Each structure stands twice: as C-alpha cells, then as structure tokens.
Amino acid sequence: MAKDDLVSIDGKVSSLSGGGVYYITLENGVDISAKLCGKMKKFKIKVVVGDRVTVGMSPYDPTHGLILHRHKF
Numbered sequence: 001m002a003k004d005d006l007v008s009i010d011g012k013v014s015s016l017s018g019g020g021v022y023y024i025t026l027e028n029g030v031d032i033s034a035k036l037c038g039k040m041k042k043f044k045i046k047v048v049v050g051d052r053v054t055v056g057m058s059p060y061d062p063t064h065g066l067i068l069h070r071h072k073f
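The sequence shown: position 14 = 14 (full-length UniProt numbering), numbered continuously.
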C-alpha cells in the first residue's frame with residue numbers, strides 16, 4: 001500500500017517499546033502501535049513520550065500505524 005492511501009489521524013505518544021515501536025493514543029481514545037516512517041529515520045527525527053504526532057493508518061488494519069509527522073509545540 002502506498003503512503004498516499006493511508007488515513008491520517010493525530011494522536012499523542014503514550015509510551016515506547018524496544019525495537020522502535022511506539023504506542024499512540026489517538027484523538028478518539030483508541031490505542032495503537034506505530035513505527036517511524038523512512039524519512040524520519042533518515043533525518044534522525046526523535047520522537048519522545050508526550051509528543052503530538054500524525055499517524056498514517058491502513059483502512060484494512062486499524063491496529064498498526066506509521067508515524068508520518070511530529071508536531072512542534
């Protein structure tokens with residue numbers, strides 16, 4: 001699935017786990033797991049607990065996501 005086909009939803013990082021897995025609480029209260037997208041890895045953008053992020057989710061699997069953007073305060 002291409003990155004253009006993902007559904008973008010805002011959320012907040014609630015915790016992180018080993019292997020680069022982040023747990024995100026979405027605006028509607030649902031918790032999902034997500035990983036960083038390739039551009040964020042390439043440019044070494046750090047995401048910590050408490051950051052607001054935009055998550056791209058597949059419409060077919062709503063439990064996993066891809067962190068696309070980290071919002072500034």
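Careful, some of the hints might be misleading.
Said to hold, decoys possible - Per label pair, the in silico range of CB-to-CB distance:
#, residue 1, residue 2, range
1, Gly-50, Ala-2, 24 to 32 Å
2, Asp-5, Phe-73, 27 to 35 Å
3, Ala-2, Val-49, 26 to 34 Å
4, Ala-2, Phe-73, 28 to 36 Å
5, Lys-42, Ala-2, 27 to 35 Å
6, Lys-44, Gly-18, 29 to 37 Å
7, Lys-46, Thr-25, 15 to 23 Å
8, Gly-38, Val-7, 14 to 22 Å
Bear in mind the hints are in silico, worked out from the structure with no lab data behind them. Remember, predicted model here, so these are calculated numbers, not experimental data. Even glycine gets a Cβ: it sits at the ideal position worked out from N, Cα and C.
Hint check:
no.	hint	in the structure
1	Gly-50 <-> Ala-2: 24 to 32 Å	holds (30 Å)
2	Asp-5 <-> Phe-73: 27 to 35 Å	holds (30 Å)
3	Ala-2 <-> Val-49: 26 to 34 Å	holds (30 Å)
4	Ala-2 <-> Phe-73: 28 to 36 Å	holds (31 Å)
5	Lys-42 <-> Ala-2: 27 to 35 Å	violated (18 Å)
6	Lys-44 <-> Gly-18: 29 to 37 Å	violated (19 Å)
7	Lys-46 <-> Thr-25: 15 to 23 Å	holds (19 Å)
8	Gly-38 <-> Val-7: 14 to 22 Å	holds (19 Å)
The earlier numbered hints that this structure contradicts are 5 and 6.
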